[in-house]
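As they're listed, the protein sequences go chains D and C. Mapping of the first sequence onto the working numbering: residues 28 to 130, in sequence order. Mapping of the second sequence onto the working numbering: residues 20 to 483, in sequence order.
Watch out, some of these pointers could steer you wrong.
When the alpha-carbon atoms are kept at most 30 Å apart in a straight line, the in silico DSBU-like pairs for lysine-lysine are as follows [what the hints assert, rightly or not]:
# : chain 1 : residue 1 : chain 2 : residue 2
1 : C       : K392      : C       : K418
2 : D       : K119      : C       : K382
3 : C       : K93       : C       : K231
4 : C       : K93       : D       : K119
5 : C       : K198      : C       : K231
6 : C       : K392      : C       : K382
To give a feel for the contact side, a few chain C residues facing chain D, derived at Cβ under 10 Å [said to hold, decoys possible]:
#  : residue
7  : D111
8  : L169
9  : V201
10 : S274
11 : D278
Away from chain D, derived, C-beta distances all over 12 Å, residues of chain C [said to hold, decoys possible]:
#  : residue
12 : A97
13 : G214
14 : G220
15 : A227
16 : A237
17 : V244
18 : G248
19 : M282
20 : K352
21 : V358
22 : A361
23 : K382
24 : G419
25 : R440
26 : A460
If you are wondering where the hints come from, they were derived from the structure by calculation, not from laboratory data. Every residue gets a Cβ at the ideal spot worked out from N, C-alpha and C, and that includes glycine.
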Amino acid sequence: MTARFVRIAEENRQAVEIEIDGVRCAALEGDTVLVAVLTRAASLRQSEFGDGPRAGFCLMGACQDCWMWTSTGERLRACTTVVAAGMSVLTKPPPEALWPIPA
Amino acid sequence: MADPRLVPSQAPRVVIVGAGPAGIRAAETFVQAGLRPVVVDEGQVSGGQIYRRQPAMFRRSYATLYGLEADRAKAVHASFDRLAGQIDYHPDTLAWNVRDGVLHIAEGGLAKTLPFDALVLATGATDRLLPIKGWTLPGCYSLGAAQIALKAQACAIGRRVVFLGTGPLLYLVSYQYAKAGVDVAAVLDTSSANGQMLALGYMASRPAVLAKGLYYRALLMARRVAVHGGVTPLQIEGGEGVAAVRFRVGGGEQSIACDAVGMGFHLRSETQLADLAHCDFVFDADLGQWRPQADQDGRASVAGIYLAGDGARILGADAAEISGRLAALAALKDLGRPVAEAELADLRRRQQTMGTFRRGLAKAFPWPADLAKSVADDVLICRCEAITAGELRQAATGKGAPELNRAKALTRVGMGRCQGRFCGSAAAEILADTRDETLAAVGRLRGQAPVKPLSMALMREGGS
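Bound conformation, chain D alone (with noise of 0.2 Å):
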């Protein structure tokens, strides 16, 4: 999948290993879950009612289009959580099973 943000500037900074599906990429230290997601794909997650892929909107906490999920099962606001390293993260809900969250 393409990438659909560009980085211009700060290109400099440490890099932190996270799981985006899976995969094992490197994002960079202070990236939101957003950014390191969108420098590399073009999506987040789809819209629970059908209408296709969504990638977030206001970027600023507002509009709740960029939940994703941790592969422990929780939500995550991707435009306001910042990467660390072994942070996990899904584009797709992990199975229902998981619900309760364990403790």
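Assemble the complex: chain D is given as a structure, and chain C must be docked to it using the hints.
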């Protein structure tokens, strides 16, 4: 005169929501008066949106980040940094409800309460949007989003970007992208040059700001960016993502290829907390929006609640600084503290100039109400739950929804997880138009707690 009901026997508990220009100036004012305010900030670092700070490890200069506003941004940031140790600062914290003199916050997975004697709401604004066919496609973002990507993450939202909408932010963000070397395919303004000529008289009240606007345009022209006025946007085209913008201008139809769109039509205030605090609202006919009622210093209709910045009334960042200070001074006065009347008078006078200028902006770049009213039936108005304009029209007539909250109950427009922030303006226009009512008559979406989604895993502080 101090309000005896408001003067507490111990040091007053002062809480500020927001750490943008308004919240920062309010905090500074309380500290100068010898108080220790609590500052609740949804951001991870202070600054708010327009003066949003980049993460600590980023290295770009103030001039690169804020351009003509660099000195202003630097001054606001420096003022906040000087308050360290004199305020209780809660970054990355959501204020999600106000009830009976208590602010409810969620911080680090814990639900906490902050009882207050004075609460300053400096909650800011988001982009004001209306739906255009295809606006849910990946690659379509709000103007604010385009700016945040650039400032806070050093990213462009695409390789070739069309900016679409109206208002000062349209030109500012287009300029910032062009200056950063991004290919700006076009700037499409729904307003026409006629309105801008008519509004010059108002906008001459702040000649320096008017000059900045002209400078942004000149730079876009110098870079040979196509700038069209009087545009009717028709569709954002694409399959799995944005591929082109189709629009009408001067009687002809055009399509411009691009892989991203930044769109917005001015701003709308974040008023949910004022609503939950039971503040009265007034309809602002100039803007076609409701806002919490406040006196000239920012006192809301509920004792102990003060409103400042764009969350109270969309007047911009400079006005936000003034209103933040005014609101804090009003609170101090009500708490029985001495306040210099001469300074109040001066701040009020400056704030009036801001109001005159803003009226000019609203005339120069009018909210395109007709565009919202004429959204086709098959266009998604609700991004959260994919509800069409046609479903809303059907509820308006077939099911007899007389006002927005009833329409929301019947259609779920405004009930999704953005809670009406992005559909509300257009929904009001469509409902009013379909029912042949005024915009004021269909009312406004009531604020609901929590004002943003909370995690199911949220724990009460001290609870088990």
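Margin query: Which constraints among the numbered hints does this structure fail? Numbers only, ascending.
Written below: 2, 4, 10, 19 and 25
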